[in-house]
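Peer 1: Listed in order, the protein sequences are those of chains A and B. Following my numbering, the numbering of the first sequence begins with 2 at its first residue and continues without gaps. Following my numbering, the numbering of the second sequence begins with 2 at its first residue and continues without gaps.
FYI, nobody ran anything at the bench for these hints, they're computed from the structure. Even for Gly, the Cβ is constructed at its ideal location relative to N, Cα and C. Watch out, some of these pointers could steer you wrong.
Said to hold, decoys possible - Okay, derived cross-link-like pairs now, PhoX-like style, lysine-lysine, Cα gap no bigger than 25 Å in a straight line:
no., chain 1, residue 1, chain 2, residue 2
1, A, K17, A, K104
2, A, K74, A, K104
3, A, K104, B, K58
4, A, K104, B, K15
5, A, K4, B, K58
6, A, K71, A, K4
7, A, K74, A, K4
8, A, K104, A, K71
9, B, K12, B, K58
To be verified - According to the in silico footprint, chain B covers these stretches of chain A (three or more CB under 8 Å from chain B):
no., segment
10, 40–54
11, 63–74
12, 95–103
Residues per chain are reported as follows:
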Amino acid sequence: AQKITQTQPGMFVQEKEAVTLDCTYDTSDQSYGLFWYKQPSSGEMIFLIYQGSYDEQNATEGRYSLNFQKARKSANLVISASQLGDSAMYFCAMREGLEGAQKLVFGQGTRLTINP
Amino acid sequence: DTGVSQNPRHKITKRGQNVTFRCDPISEHNRLYWYRQTLGQGPEFLTYFQNEAQLEKSRLLSDRFSAERPKGSFSTLEIQRTEQGDSAMYLCASSWHNSPLHFGNGTRLTVT
């Protein structure tokens, strides 16, 4: 069965510093997708970045990049130049297969706090 | 793109009552999902529609839960005979085929 592990319950970072949020995954499938979502206090889950298991390049979206290490089964999120508005819960998620229903399996999340 | 809209935002009900939540997806999205999130946990998949067809249901979805998506537009999630264990945030999400999911703000259910 697939599983996502986020080992950092909370992270505190100074504004403008870079931050890395850890995510490891477990799956027996060869085809899978990895996602990061941000959840502010408003409750909405905001999609940040996606990496497919066959993608050779690490995904990047603006200040977000995904450090994908397939052999280690890790998919860490890197946020460069952190901002106060980055304070939120961050969830790593995985889907098995690359087609059909997106039955995402989520980790328990990391609460990121950016200090001024 | 007006986003995924969920109503109500909060619902407090007494154990044993029935509740219904509504989700309006992004209009051009053909797929609609329901997830449930309990305190301190990530969301868990409940069910999924492609257009009006409900294609998959999680084992988490007991017989007391029913979801519909008439005409492939908005969706409703009904919980009958609510129990305290049903207290959670119910999240709706939509997508166009395999594009990443867009989530709504959720409906927070409290069963007393």
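Peer 1: Evaluate each hint against the coordinates.
Peer 2: Status of the hints after comparison with the structure:
no.	hint	result
1	A/K17 to A/K104	violated (35 Å)
2	A/K74 to A/K104	holds (19 Å)
3	A/K104 to B/K58	holds (10 Å)
4	A/K104 to B/K15	violated (31 Å)
5	A/K4 to B/K58	holds (19 Å)
6	A/K71 to A/K4	holds (15 Å)
7	A/K74 to A/K4	holds (11 Å)
8	A/K104 to A/K71	holds (21 Å)
9	B/K12 to B/K58	holds (23 Å)
10	40–54	holds (count 7)
11	63–74	violated (count 0)
12	95–103	holds (count 4)
In this structure, the hints that do not hold are numbers 1, 4 and 11, in rising order.
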